[in-house]
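Keeping the supplied structure of chain S fixed, place chain C upon it in accordance with the hints.
There are 2 protein chains.
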Amino acid sequence: MKAQEQKPQNYRREQASSAGSQRIASQPVARHGESSLANRPRAKAFDRLIARRILSTLGNPDIRFRLWDGSELQVAGDASSPLLWFRDRRAMYGTLVNPELHFGDLYSEGRIEVEGELQELLEHVYHGIQKRGDPSPVKSWSDRVSRRMKKNTLNRAAENIHHHYDIGNDFYRLWLDAPYMQYTCAYYPDPSMSLEQAQQAKLHHVCRKLQLKPGDSVVEAGCGWGGLARFMAEHYGVTVRAYNISRKQVAFARETARQQDLTGRVEYVLDDYRNISGRYDVFVSVGMLEHVGVEQYAELGRVIGNCLKNPGRGLIHSIGRNRPKPLNAWIEQRIFPGAYPPTLREAAEIFESNGLSVLDIENLRRHYALTLRDWLQRYRGHEAQVREMHDERFVRAWRLYLAGSQAAFSVGELQLFQWVFTQGCNNDIPWSRSYQYPGHDPLSAAG
Amino acid sequence: MKAQEQKPQNYRREQASSAGSQRIASQPVARHGESSLANRPRAKAFDRLIARRILSTLGNPDIRFRLWDGSELQVAGDASSPLLWFRDRRAMYGTLVNPELHFGDLYSEGRIEVEGELQELLEHVYHGIQKRGDPSPVKSWSDRVSRRMKKNTLNRAAENIHHHYDIGNDFYRLWLDAPYMQYTCAYYPDPSMSLEQAQQAKLHHVCRKLQLKPGDSVVEAGCGWGGLARFMAEHYGVTVRAYNISRKQVAFARETARQQDLTGRVEYVLDDYRNISGRYDVFVSVGMLEHVGVEQYAELGRVIGNCLKNPGRGLIHSIGRNRPKPLNAWIEQRIFPGAYPPTLREAAEIFESNGLSVLDIENLRRHYALTLRDWLQRYRGHEAQVREMHDERFVRAWRLYLAGSQAAFSVGELQLFQWVFTQGCNNDIPWSRSYQYPGHDPLSAAG
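Chains as they are written, first to last, in the numbering used here: chain S, 1 to 447; chain C, 1 to 447.
No lab work stands behind these hints, which were simulated from the structure alone.
The structure presented is a predicted model; accordingly, all values stated were derived computationally and were not measured.
Careful, some of the hints might be misleading.
One copy or any two copies: either way a pair holds, since identical chains are not told apart in the list.
[What the hints assert, rightly or not] Under the rule of at most 25 Å between Cα atoms (straight-line distance), these lysine to aspartate or glutamate pairs were calculated in the DMTMM-like manner: (1) K248 to E290; (2) K213 to E267; (3) K44 to E113; (4) K325 to E352; (5) K325 to E100; (6) K248 to D272; (7) K131 to E349.
So that you can see chain S by itself, here it is in the shape it has in the complex (with noise of 0.2 Å):
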């Protein structure tokens, strides 16, 4: 089965059987300029006070509305405010109805639309439900999700996986940075930076994390395209040992170490982190801890604890929240199925349970913010193309997904931690963490 044929179908299938009401899904999807406007029937004042308590649940967000026939309201903000757009008034009531799932298929149908940065829009979101506290109904339906979400077997692991990453390469090399294929928040220490200047300076950040030298043997959980575990054995003398349950991506990873020559020192292995073999100085995972179930974690500590020499050291970076919340459940049911992003103290069970000594957390939202802010303009100037790929729902629903992304770290919905440990006593560790920022000197801190 591949995943990036089956995609349209499956989504539009999912819709129908969740959205929660048949009519929804069976509408035509809307098409831009498709239908005017006088053939829509007029809003009428009970719908016009439906659409201001929405806009009040929502903590009255500096936005403005507009109804299918053209009608708008509006509590904050001013002309200049994006505006948010139902196109049919089913549209409206549907987002009611269960806002955070219902909002991201109307909108990938294209029977909502918005006007002005859809990212702003949503960045006002945010803000107006932190000011006004999350409702419990929305509480509850989120807890639901995390409920259902929590086992990830070997099996649904790989399902999950298969859903998401193995869409196609050929996708995801349009937004991507080259060479690297970086899905993942890249590092901006000067915020003016490219995406590839950013995501090389990660990459760097988190080989000085490790601390890396040239002989050393590392292992890598979750490594997407493979571009960390090719950028060690290039500029850190290292040889990787890479895991991944993507079969598009270990094949992509495989190839490209081929063809840098770098397959005596990279190896690519098409398996659960679970199923990691070896002893190594270096345990390292960026961006898969989100894809781990937390009832799993205590086994990512002890697959940790058991692949390292003593003293080993390791870097987790992972998406994470400040307070315990299951992710937007439209991008959890139709983008990343079995994601989580954990607070500290969620994730802290991996170190505490099995003789981890964290050493260093540093927390990146702002980078992924930027990150995000660079994939939606490649995306968008590449919108055409994705178009061909898969069709105008997919389309809008990963616009939907990277805007919404960008606004949720600009907000501080989500952070983004980077965990240094070290497997048991290790006193072999710098008096300082200034190794991080190279051409500095040390004494100079010492006031």
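Frame of chain S, contents of chain C only:
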């Protein structure tokens, strides 16, 4: 009531009631050279069996045992290994009954003696126990202690702090740094630094992490002798309101600030952190969290959230653990009542439930081992003066406490975490942590 006058009596009374045997307490305290080996009964085969059993329970560390009749035994190590001398039969059996608590008491009484470096002997013991894993009896005892000390009410907190910090400013002045009297982990970016240099490097490190700028208002929870508050006002042009419930420390802090003409910029308040009032740009707490019970962490977080302007920033510096475990029972009962070093997971409660976002965590464990090495060296140089202020038992108890703490940090039994956080969604945070390492060019880290 003055703690330093009451201490020796208290000390003896607690011992008698808790050591589990009236006979141990009623026996005269041994003095160096007071008893000759000739007066001691010979150790029997059974005694030597028990001694071996103790060594085995300790994971057969590289130490020697000498029994009361002068006979020695050893399982690992060589003739240069440090020697532990049970000066009477009951000292050995008392240690067997409750190793953590009675070892400390018996050493303090001089009925257990150490030849060679005390700190080295304790490191060997820690390594042995780590190698072997925690035995369940010690764990269940620890759990009881843990449960017992969990309720830090306002009155209890005041008693606990009084017990330790009101021993006498003159006592601490003998071995802490001048002029800032820092009774917390120093920072040695260069391990050859003096204690004074390292404490001032720590103060700068804290101020830089907080990005203090002139005019900022700072609130400090648990200010010791007021050194950090004075340092911040002197070197960073901020105003500080500092809370502490130790009367002697606050009196000292106020007098020192008055002498240095800092009265308008630093205010010391004799009150509990839970009674902090006002709103501030910055919250800081160095070395207080160890005295805040785990069940109070959510409340501490609320206090921080309420007293910070939005977006405010903060730092907490505290001893911690890699996995949950109460403080050594002897230290908790004799030296630091109510103290508990939390794991990252436990301390995360402060932030998660109160809208605080963690930006940076640094583990300075090895720096505390150096700090304690320096404290112990100065302390030993002033033991004659401590003996005049208190008595021999007090001298030995504090020697053991400092050496044992040095060993615990050296072998990774204890950690030291600095948490940097911000309130709400703060986008005014630097793009790299190089600001913590002045003299550095952040762009050179881009690779």
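Structure versus earlier hints - violations, ascending order: Of the numbered hints, all hold.
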